[in-house]
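Residue numbers (our numbering), protein chains in the order written: chain A, 1 to 311; chain B, 1 to 254; chain C, 1 to 373.
Because the hints were derived from the structure by calculation, they are not lab data.
Only a predicted model underlies this, so the values are computations on that prediction, with no experimental measurement involved.
A portion of the hints provided could be inaccurate.
[What the hints assert, rightly or not] Here chain C is said to cover these stretches of chain B; the calculated rule only asks that three of the stretch's residues, wherever they fall, bring their Cβ under 8 Å from a Cβ of chain C:
1) 89-95
2) 181-188
[Unchecked claim] The calculated lysine-lysine pairs, modelled on DSSO-like cross-linking and capped at a C-alpha distance of 30 Å, are:
3) Lys96/A to Lys159/C
4) Lys71/A to Lys115/C
5) Lys60/C to Lys115/C
[As the list claims (entries may be wrong)] Derived CB-CB ranges, DEER-like:
6) Gly183/C to Arg136/B: 43 to 49 Å
7) Gly238/B to Pro325/C: 29 to 35 Å
8) Phe11/A to Val61/B: 39 to 45 Å
9) Thr5/A to Leu107/C: 32 to 38 Å
10) Gly296/A to Leu152/C: 53 to 59 Å
Just so you know, even glycine gets a beta-carbon here, dropped at the ideal spot from N, CA and C.
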Amino acid sequence: MTMKTRVVSLFAIPLLLVACGGPLQDAAPADGPIRVVATTTIVGDLVRTVGGDSVDLTILMGAGVDPHLYKPSAGDVRTMATAQVVVYNGLHLEGKMTEVLEEMGGRGVEVVAVAEYLDPKALLPIEGFDELHDPHVWFDIELWQQAAACLRDELVRIDPDHADGYRARGDAFIAELAELDGWVEERIGSLPEARRVLVTAHDAFEYFGRAYGIEVRGLLGVSTAAEAGTADVQQLAAFIAERKLPAVFVESSVPPRYVEALTEAVAARGGEVTIGGSLYSDALGSPGGPAETYVGTVRTNVDTIVGALAE
Amino acid sequence: MARESSPALEVEDLTVAYSEQPVLWDIDLVVPTGDTMAIVGPNGAGKSTLIKAAMGLIPAVAGEVRVFGRPFAKGRGEIAYVPQRASLEWDFPTDVLDVVTMGTYGSLGWFRRPGAGERDRARAALEEVAMGAFERRPIAQLSGGQQQRVLLARALVQQAPILMLDEPFQGVDAPTERAIVAVLDRLSDEGKTVVVVHHDLQTVPEYFDSVLLLNVRAIDAGPVAEVFTEENLRLTFGGRVGVLAQIAAAESGG
Amino acid sequence: MELFSDYTLRVVALGSGVLGAAAGALGSFAYLRRQSLVGDALSHAALPGIAVAFLLTGSKAPLTIMLGAALAGWLATLAVGLVVRRSRVPYDSALGMSLAVFFGIGLVLLTVIQKRPDAAQAGLESFLFGQAASLLREDVVAMSALGAACLLLLGLLWKEFKLLSFDSEFASSLGRSVGRLDGLFTLLLVIAVVIGLRTVGVVLMSAMVVAPAAAARQLTDRLAPMVALATAIGVFSGVTGAVLSSLIPRLPTGPTIVLVLSSVVAISLVFAPRRGLLWRWISLGRLAPSAALDPVLMHLYALAQQHPGEPDHGHGIAVLRTMSPAGVDLDQVLENLRSRGLVERVDEGLWAPTAIGRREAERHLASQNETAS
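Chain A on its own, in the form it takes in the complex (with noise of 0.2 Å):
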């Protein structure tokens, strides 16, 4: 070969590479189960549990896996556009994927933020921007019990086919969310009122808070991609010495870190205060344990909780 004909060809290969790449978009198949792209384990969650067996699902993030932070790959990119619906939680939780979000929706498929659907006025807002809501809607049971209703119409609508088997499911789902709502309120009610505050890594359990009338606070807001500074823990740390709280809680998905500088910080004040254990905040538990689905996290993160504040 001659020189200009190496250096020509040198150029041919990638443009091979990326032709070879295949088509993006494959017609779906007849009968079959609908691809659905989930991002986060809750959500996921939903998704199966409402969708059943008419779904072929795929989630990107794994349990532990901080939903704030996490950038979609280029293999994420090719999922999604390969896929006919994509399910998301929205109000900005998914942070780092926003743009590859509205991306999607302009390839045609169709994209779905579970959060959005609720009523605006239900939603919290964020202290300091007055547009935005907080995202971590998950934790008032009847407001996922609503997206769960809001999913069902959707997947209904997509995939008309399957309309009864989503139907059934998406109920038998809001009923069982229904007993839960009962459970968790009985739970936390059973704790003497100085021990219902709820402290933990990031702002995630405003809703909870609301919700089950307990007093929630988190080191580093809303979203854990801010950093905290040095006055917000020692802030943190006067305030559990001075209510005397004999837990605070470090969260799956959230490195422990904060959590313990602010317990060495409780302890040089005085205070006596332990990590009451770890909670699943941003994601699901890891496969094959108890918290594997959204109910069984949310017996368990309640149980902890009620478990550690008790004493």
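We have chain A already, so just place chains B and C on it with the hints.
What follows is chains B and C alone, placed relative to chain A:
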């Protein structure tokens, strides 16, 4: 081999190359003890390279250097080196005395600090180059000639029998040139050996006993009277020898 | 101080102070060796080291993280050395390349790791900009031990590093192993960088290495004071950043430290005596670099000496023109000298040196005469 009978410096087959281009080719050189030798040649002849390679500062492709008959690695302590002053970053936060004191570091280990004795030696060297009043002057404030004298003092402090100087007369004022020549004379009287890369052909017969004519290869080397001829200069400089150099050559009797 | 009775502030301030000290001291030598970029490269290269350390051990203990970071930094310098020796790529290009490549690998590893269930547990993303408020006692203990070791070694090897920084060729001629000294220095620099990773993060760490040295250089002409000043500036910035972050909620500590440091540098650049911009502006009448004494002034002075007792006796431009080389724009030069207060126009087209100008000329001649003795 007895030290007195060996020449101060012997270079054999020294070859240096940069990316396969020879910069110095097969240099053989003998510098007799007590000699004051100039190395002259056109730009790019490898003059600085020769000194640096002989000192082991740059790697050589081939060749051997012996100091008083002993291998260079053993004899390195006998040579004091004065680099080109332009190769240093003079905007360094230190003073004249400190730089000259650096010449004593060779006799201290890694961990010993220079003491009063070392500083006194440095002061003596500074006096010799007429820079005694400048002890505390920050080196960033020195003129070119002053810089050169400081570097010379630093080498003198080492009290080595051999000195190698790279273009010490380049761009210095008259008082500095006089000071350097005075030092060279004193060293010669004491039987020290001095090798100087020199750029000014006109002063070769006046300042030096012998000369090496260099242009990648060694053209000729030996006492000035014998070697510093018009013919040799033409061979070295490729016919571009100026009038002054010709006069100089004529004066030296070639 | 009342402020420091708070535990968190004590911890964060101590950690930041140690970091500032080590970075300031070692950064001074890096600065003098014109190797400030090395600090930048080392800190960026640390990212893949941290990621690999986590992947291999699953641990987030400070020493593990630091070891991974240090090894990666070390590898980066070896890579740079290799590239420089085997190719024609100049040193700082090789450094920049190494920085980018290693950092890129680090980001890729972060993306890979983020899929793992325990990813967020390690908090590796926090190493990009630091998480000073989350410093634990064990972190600060490790940092202080390493910082102290660093400074101790620096003190012991002071003259060696001074020699290495000023004239490495001369060091070589004395028989010093420059390669070994260089390696030791790089090691100390790596340690200083690694100390700071959890506090200010990979991206901002380079500021800690460069800025204190740059500020200190403006303020002194001697080495020991410069290093001491740089260390002090580093400590000051670290502690002040921690204090500010403890007084104002939602102010991240790492970036605050760097902001304090930048302010110190800016102030130093403008207000430093003799080398500062403001000083030069005041004393020279314009922002010129250190003045070389103008030959035209010397000519005017020489002419004025012909007329002792007549300080206002001016000389015309035509005379000056015969004394100056062709092509010199005398009008511009005279205007420059005039604006600097060195000469004055005594009459139409006639110029004479001012008292200041005469003093300057005399000083210059005196120093020249000194050298002649």
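Hints and how they fare:
Given a C-beta distance limit of less than 8 Å, the hint that chain C covers the region 89-95 of chain B holds, as 5 residues qualify and 3 suffice. Given a C-beta distance limit of less than 8 Å, the hint that chain C covers the region 181-188 of chain B is violated, as 0 residues qualify and 3 are needed. Pair hint lysine 96/A plus lysine 159/C does not hold up; C-alpha atoms about 51 Å apart against a cutoff of 30 Å. Our distance criterion of 30 Å between C-alpha atoms is met by lysine 71/A and lysine 115/C, whose separation comes to about 10 Å.
In summary, the hint linking lysine 60/C to lysine 115/C is supported, as the alpha carbons are separated by about 17 Å, within the 30 Å threshold. For glycine 183/C paired with arginine 136/B, a C-beta distance near 34 Å fails the hint of 43 to 49 Å. At about 31 Å, the beta-carbon gap between glycine 238/B and proline 325/C stays in the expected band of 29 to 35 Å. As the Cβ distance of phenylalanine 11/A to valine 61/B is approximately 40 Å, the hint placing it in 39 to 45 Å holds.
Hint check: threonine 5/A to leucine 107/C, Cβ distance near 36 Å, so the stated range 32 to 38 Å holds. For glycine 296/A and leucine 152/C, the hinted distance range of 53 to 59 Å is satisfied, since their beta carbons lie about 55 Å from each other.
This entry does not satisfy hints 2, 3 and 6, going by the numbered hints stated previously.
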